[in-house]
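Once you have looked at the hints, place chain B on chain A.
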Amino acid sequence: MDIALSAEDLAFRDEVRNFLDTEFDAEMQSHLKSRGSKGMVEWQQKLYAKGWVAPNWPVEHGGTGWTATQKYIWESERSLRGIPDVVPFGLVMVANVIMAFGTDEQKEYFLPRILKSEDWWCQGYSEPGSGSDLASLKTKAERDGDDYIINGAKIWTTYAQHADWIFCLVRTDNSGKKQEGITFILVDMKSEGIKVNPIIGIDNEHNLNEVEFNNVRVPAKNVVGEVGKGWTVAKALLAHERTGIAGVADIKRNMRLIKEAAASEVNGGQRLMDDPGFQQRMADIEVELMALEFTELRTLATMAAGGFPGPESSLLKIKGTELQQATQELRMEIAAYYQGVLPTDMDPEVLGHEFGSDARRAFMYGRAATIYGGSNEVQKNIISKYVLGLE
Amino acid sequence: MNFDYTEEQQMVRDSIARFVQDDYDWDTRRAIVDSDEGMSRQNWQTFAELGWLSIPFSEADGGFGGNIVDMSVVMEEMGKGLVVEPFFPTVVLFGGVVARAGDEAQRAEILESVIGGETLGAFAYVERQSRFAINDCKTTATANGDGYTLNGEKVVVFNGENADKLVVLARTSGGQFDEDGLSLFLVDANAEGVSKVCYPMMDAQRVANITFDNVQLGAGALLGTEGSALPVVNEVVSEALIALASEAIGIMGTLNAKTLEYTKTREQFGVAIGSFQALQHRMVDTMMAYEQAKSLLFKALCEYKIDPASAEATIHALKVLIDRNGKLIYGEAIQMHGGMGITDELDIGHYAKRLMMINATLGDGTFHRSKFIESTYAAA
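Residue numbers (the numbering used here), protein chains in the order written: chain A, 1 to 391; chain B, 1 to 380.
Isolated chain A, as found in the complex (with noise of 0.2 angstroms):
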């Protein structure tokens, strides 16, 4: 029971304070704000030219080695300083796939490219109509020589409007379980017959896309792991997703940023900050926050260690999307009438508030944490059926 840092450790913090500080400068901060998906790919290439892209690949295809403590400390000193995570549909989702299951072929090809974020990729899971009944997904691929043809469509895929590939679930047999009979494919989003049709979401932006696949013509090469075995992939991979989805660190520094926001609003005369009501507001979601850190420190150490993650860790996303939208329900109430502001770049002079529109957006976007990666719904009874046992 111990969490006292090393001299290492303290090294190691120390070398990450001087690079986030060195090279997430104001040049670069203001083209991920300008540029979108292309900072991030530039603020990307940054982390691989050191070394640090990819914390949780192993060494011999470029992760770092960390320590379980070591990545605690990156996570920490990357979200005080209000610097994104990277995109996770390549570097976290279909990386871990390919490394778990793809041919030798698929990883020589596609894992260094994704850990230059030479490659842009979004996820085709969710079809119209699924929702999170993943397996009654109907997108068909139909084996032509060498080739599948692809027919379908798929829903709220992020990004994809910048992707340069989709991993794919897709049917390549009708004929037993709903669960047998899916595939993992990669398609290359040039390919002809696919159109991303935009969904303008809640919080006004375009992240979530439609994408129809009309006789898409696809290698049969691209698919990972046994063809029919495609649902065995995809669970494998939500458990390593569910891992990373608490965000301690990035609530944490929205609870600095409520503080920062009531320590400056008043309210006749009295800080937000000051009012008893509010503060009771604050610590119970502190309180849940500092344990929910703790959860997450379990797992990392329990993961260092070799071992699968206990019963602790399927509680993160549940845990960790409730908190996140806590926070972001509370930095809307600081904000009082501004919370409505619609435009995102008005001059604060002019509008005569800070926040207002970035605190409507994080919260609209946030909407989104507890029914992706399977609706906190869905979490519940996947740890009921595989923590608790219960049928």
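No wet-lab data here; the hints were simulated from the structure.
Quick caveat, the model's predicted, so the values are computed rather than measured.
Mixed in with the good hints, there may be bad ones.
Calculated pairs, BS3-like style, for lysine-lysine (alpha carbon to alpha carbon, straight line, at most 25 angstroms) [claimed, not checked]:
#1 A:K177 with A:K385
#2 B:K138 with B:K353
#3 A:K259 with B:K371
#4 A:K385 with B:K258
So these bits of chain B aren't anywhere near chain A, every CB distance computed over 10 angstroms [as the list claims (entries may be wrong)]:
#5 G62
#6 T140
#7 A293
Per the computed footprint, the stretches of chain B lying under chain A, defined by three or more beta-carbons under 8 angstroms from a beta-carbon of chain A, are [said to hold, decoys possible]:
#8 1-9
#9 225-235
#10 301-315
#11 370-376
Glycine residues also receive a C-beta, built at the ideal position from the N, C-alpha and C atoms.
For chain B alone, coordinates are given in the frame of chain A:
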């Protein structure tokens, strides 16, 4: 970074678990609770022989020299077994005060007999009006030349019925609420002028309201510096809060396990009730509540090990979460056991009542939320 227990801690854990399994089954415990003293002297001797009573005390004082994690392990296992013997009042509170405030002679006299199982102790700090404010103290100790005269009343003194020796918090100067002017005194439970009214609590503790009527104390009865007791008491309270949280974790885990097991076997409408999604999701909630509380306990333990003062906010937070999540867990345990859950016969209600008393001890969730706010947001 690691959250593992040492081999030694694992051995202590196993030895208490074995005791509970072999010698503390539910009928045995019930007989002990119903006995005259409400505790087993024989068990207490076993605790001494197995070294459990020595765990927090330094090697110089004849103890095991254990740290906060060792203490936590003991309390968690006691919680699982719902052990009623007065480990918390005697070792954690009474022993904790003497170990911190006592001089060498006092420590030698008292701690050796606590460790040996000969002395049962109690810490008398609650008054009728004080609730959780330890500084709210009307009991007085007046210097009288070669010693002190003690007057006042302490209430709900844990282990007050069986304690041989008491540590009493009394005011040697200042007004009722002053933080300065409080002192600690060692008092024989059967000294002249000490009288008590004993009563049982819902968690089977035997407590007492103790009155001090012109009790004459020698100068050697003073523990620590006159007038400066509060910082020492606060140190003991911090450690005691972690100990109580550990006990609560043991209870919460046990309640969850028993409830889960019950829902897998109890059939209604032809199926196990654990097959109902309405119950499944709530059991996921109680599992998460337990894991979250455990995580926060780990944080408190790690911080306390580095520097007790650095753990202050976390300890307040821990008591808040134990309170909040404990209520969820015992509430659901009772509800899911249905009619059986509200019987005296079933152990569920007894675990629930101990958890409720833990919540009410040394500050409940509401109290500690205010303290957390004070320590965290005051400067912001």
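Status of each hint after checking the structure:
Among the hinted pairs, A:K177 with A:K385 is consistent with the structure: their alpha-carbon atoms are about 19 angstroms apart, no more than 25 angstroms. In summary, the hint linking B:K138 to B:K353 is not supported, as the alpha carbons are separated by about 30 angstroms, beyond the 25 angstroms threshold. This hinted pair checks out: A:K259 and B:K371 have alpha carbons roughly 18 angstroms apart, not beyond 25 angstroms. The straight-line distance between the Cα atoms of A:K385 and B:K258 is roughly 17 angstroms, inside the 25 angstroms bound, and the hint therefore holds.
Look at B:G62: its CB is around 25 angstroms from the nearest CB on chain A, clear of 10 angstroms, so calling it non-interface holds up. No Cβ of chain A comes within 10 angstroms of the Cβ of B:T140; the nearest lies about 34 angstroms off, and the non-interface call holds. The Cβ of B:A293 does not lie farther than 10 angstroms from every Cβ of chain A; its closest approach is about 7 angstroms, which violates its non-interface assignment. Here's how the stretch 1-9 of chain B fares: 5 of its residues keep a CB closer than 8 angstroms to some CB of chain A, so the rule of at least three is met and the hint holds.
Using a Cβ-Cβ cut-off of 8 angstroms, 0 residues of the stretch 225-235 of chain B lie near chain A, which falls short of the minimum of three, so the contact claim is violated. Requiring three or more residues with a Cβ within less than 8 angstroms of a Cβ of chain A, the coverage given for the stretch 301-315 of chain B holds, as 6 such residues are present. For the stretch 370-376 of chain B, the assignment as covered by chain A holds, since 3 residues bring a beta-carbon within under 8 angstroms of that chain's beta-carbons and 3 suffice.
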